[in-house]
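Listed below, chain by chain, are the residues.
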Amino acid sequence: MSSPTFLLVGFQARRRAKARSRSLKPWYRNTPLVAGMIVVGLLILLAIFAPLIAPYDPIAQDLGATLQGPSAAHWLGTDKFGRDVLSRLIWGAQVDLRVGFLAVLIPFVFGSILGAFAGYFGGWFDAIVMRIVDVFFAFPFLVMVIVLVFILGSGETSIYLAIAAVSWVSYVKIVRGEVISAKEQDYVVGARLGGMSNARVLFRHIGPNVFSQAIIYAMSDIVMNIMGIVTLGYLGLGIAPPTAEWGSMILEGQEFITTHWLQATVPGLMVVITSLGVSWLGDGLSDLLSPERRK
Amino acid sequence: MNEQSVLRVSNVTKTYSFRTPLLERLATKGTKSTALTALDGINLELRKGEILALVGESGSGKSTLAKILVGSIAASSGEITHNGSAMPAHRTKDLTRSIQMVFQDPYSSLNPRISVGSMLAELLLLHKIVPRREVRQESIRLLNRVGMDEDALDAYPSQFSGGQRQRIAIARALAVRPDVLIADEPVSALDVSVQATILDLFASLRDELGLTILFVAHNLAVVQHLSQRVAVMYLGRIVEVAETAELFANPRHPYTRALIASIPRMTAGSVSTELILSGEPPSPFEIPNGCRFHPRCPFATIACTENDPALLPLARRGGDADLPYHASACLLADALPQSTSSPARTGASAHPSQSHGNSQEAL
Numbered sequence: 001m002s003s004p005t006f007l008l009v010g011f012q013a014r015r016r017a018k019a020r021s022r023s024l025k026p027w028y029r030n031t032p033l034v035a036g037m038i039v040v041g042l043l044i045l046l047a048i049f050a051p052l053i054a055p056y057d058p059i060a061q062d063l064g065a066t067l068q069g070p071s072a073a074h075w076l077g078t079d080k081f082g083r084d085v086l087s088r089l090i091w092g093a094q095v096d097l098r099v100g101f102l103a104v105l106i107p108f109v110f111g112s113i114l115g116a117f118a119g120y121f122g123g124w125f126d127a128i129v130m131r132i133v134d135v136f137f138a139f140p141f142l143v144m145v146i147v148l149v150f151i152l153g154s155g156e157t158s159i160y161l162a163i164a165a166v167s168w169v170s171y172v173k174i175v176r177g178e179v180i181s182a183k184e185q186d187y188v189v190g191a192r193l194g195g196m197s198n199a200r201v202l203f204r205h206i207g208p209n210v211f212s213q214a215i216i217y218a219m220s221d222i223v224m225n226i227m228g229i230v231t232l233g234y235l236g237l238g239i240a241p242p243t244a245e246w247g248s249m250i251l252e253g254q255e256f257i258t259t260h261w262l263q264a265t266v267p268g269l270m271v272v273i274t275s276l277g278v279s280w281l282g283d284g285l286s287d288l289l290s291p292e293r294r295k
Numbered sequence: 296m297n298e299q300s301v302l303r304v305s306n307v308t309k310t311y312s313f314r315t316p317l318l319e320r321l322a323t324k325g326t327k328s329t330a331l332t333a334l335d336g337i338n339l340e341l342r343k344g345e346i347l348a349l350v351g352e353s354g355s356g357k358s359t360l361a362k363i364l365v366g367s368i369a370a371s372s373g374e375i376t377h378n379g380s381a382m383p384a385h386r387t388k389d390l391t392r393s394i395q396m397v398f399q400d401p402y403s404s405l406n407p408r409i410s411v412g413s414m415l416a417e418l419l420l421l422h423k424i425v426p427r428r429e430v431r432q433e434s435i436r437l438l439n440r441v442g443m444d445e446d447a448l449d450a451y452p453s454q455f456s457g458g459q460r461q462r463i464a465i466a467r468a469l470a471v472r473p474d475v476l477i478a479d480e481p482v483s484a485l486d487v488s489v490q491a492t493i494l495d496l497f498a499s500l501r502d503e504l505g506l507t508i509l510f511v512a513h514n515l516a517v518v519q520h521l522s523q524r525v526a527v528m529y530l531g532r533i534v535e536v537a538e539t540a541e542l543f544a545n546p547r548h549p550y551t552r553a554l555i556a557s558i559p560r561m562t563a564g565s566v567s568t569e570l571i572l573s574g575e576p577p578s579p580f581e582i583p584n585g586c587r588f589h590p591r592c593p594f595a596t597i598a599c600t601e602n603d604p605a606l607l608p609l610a611r612r613g614g615d616a617d618l619p620y621h622a623s624a625c626l627l628a629d630a631l632p633q634s635t636s637s638p639a640r641t642g643a644s645a646h647p648s649q650s651h652g653n654s655q656e657a658l
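If you're matching them up, the sequences are chains A and B in order.
Those letters in the first sequence? Residues 1 to 295, by the working numbering.
Those letters in the second sequence? Residues 296 to 658, by the working numbering.
Derived from the structure by calculation, the hints contain no laboratory data.
All values reported here derive from a predicted model rather than from experimental measurement.
Among the hints, erroneous ones may be present.
[Unchecked claim] If you anchor each label on the Cβ, the simulated ranges turn out as follows:
hint : chain 1 : residue 1 : chain 2 : residue 2 : range
1    : B       : Thr329    : A       : Ile273    : 43 to 49 Å
2    : B       : Ala544    : A       : Ser197    : 57 to 63 Å
3    : A       : Ser181    : B       : Arg431    : 31 to 37 Å
4    : B       : Ala384    : A       : Ser181    : 48 to 54 Å
5    : B       : Ala540    : A       : Ser181    : 58 to 64 Å
6    : A       : Val143    : B       : Asp486    : 30 to 36 Å
7    : B       : Lys423    : A       : Gly153    : 20 to 26 Å
8    : A       : Pro26     : B       : Ala540    : 41 to 47 Å
9    : B       : Asp486    : A       : Phe49     : 54 to 60 Å
Beta carbons: idealized from backbone N, C-alpha and C, even for Gly.
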């Protein structure tokens, strides 16, 4: 080109454009992420090493030492059967965390994949999936879980199944919406122009941009699940006694709330701490997983 | 037509129809659906190794045409011929590869989670452009080709500026070795200083690789020094096609004149005020009768409100066979006053009051 404009800026063009290395915030400077990792990490360690940490057997009764206050032998006292409250709290972490985390897996995987297909392909498949989702959405989460556990019978497996059967719909909705908006982005059109198959476009190009939203939601879902199992335990539909579990501890401690308030409040506090930790983790992850949203 | 034609668009039309909601239809006794004509019988030819500029206001259908050419939306009717054979409705991987696109917004056209290197490698491997062991070398070659360094390979799009991203987007399009590049307003989202460097890059791609480029722009100034030919679009039609120099020297459609007149100039007082267009282009739902430009045209006559002019080659003046091909969709194409840089006031002022009156009546 020989026009004046091009001569004027020609030397600029020849100067090689260099990749600017913008300093991104390292993960350890992400306060909610680190706080969440510490809290959740400690709780997981507590749950895993419960047999080593807990000073007593959580279900061993000592009817000679019931309803004791805090002492050197029993830091948080004993319950109405003389069981050590601290040991039950530590063992309870095992049950509650296991259900909270595991019950998220099936709905997360199943719901996300279904939502991705519905959003990407649209049409009658999308219409059918979304009508089913609407039906599930019409019922409140806990009511639905309680009904299902009632039908399936109490126990850990039926709790997993009940939670999975109810919560997959949220993942469908989230991922479907994200896929629909990502589908219109030029980078997706560009990938299609690259001659890529639907599967490749969906899972390699759209997937990483939309599943982060589902992962972030999964964190709040863990909190919901823990609340769910605690509520079930409180209603007597959860893990069968005498297994230590925070919900049933609150239920059992409730009748002594005026005289031995620690028995109901300490497991409640554990639920709050766990929820807080997982929420922080979700917050931190959303920051970490969405670099383009951070600007 | 020309045997050098790489891509030919024959009579391509794109209409969108919208269903009127039932209640509204009952209330207003309206029709069941309304149709929008985005493209109305487009004929265009892209010759090997040229840059053809497609210019028009927003809503003229130029981006729709670009999307139809790359196959990301389907035309309602008409045919696209690529190297002599008709493009099927569902393109094969290889046909898709042969026509690539550079998008307007370099911020949304690159995947934020895929590094530049792996984006290029994926395409090179998918289309078996080079053997696996040469992928890195080929990627570096592509980056150098668009004026980027090797260290861009490991970087993510968020680490680059708009101009750099557009270079990377061009490298992606080049990676699969297309024979046609459709550039959809590739510089309109960039800073003015960066625009020229990207235009320069397009020019060098044509000169050095012999690439055929359709360059969509909404501004004639951008393409003046870049393209060989210009096609001007207005409301879904091509209203004028000519070689760039010819189009600027001798525009034969009032709309083209208005576009040229709207290019900012350095010299004071040279802006021809009577050719500044007033108002918005009419809604594509209600295309005016007759010439679709007549409501905004300073030269319009009664005939313009009644007859819809076709895009026709201009009469070869004086039998000179060397005159460049020049077609215009204006009833007055041969009768328009000559110059635009110093527009003949007589020509413009003889009609306006009368023609405006007419167009108002017609509406």
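Ascending list of hint numbers which this structure does not respect = 1, 2, 4, 5, 6, 7 and 8
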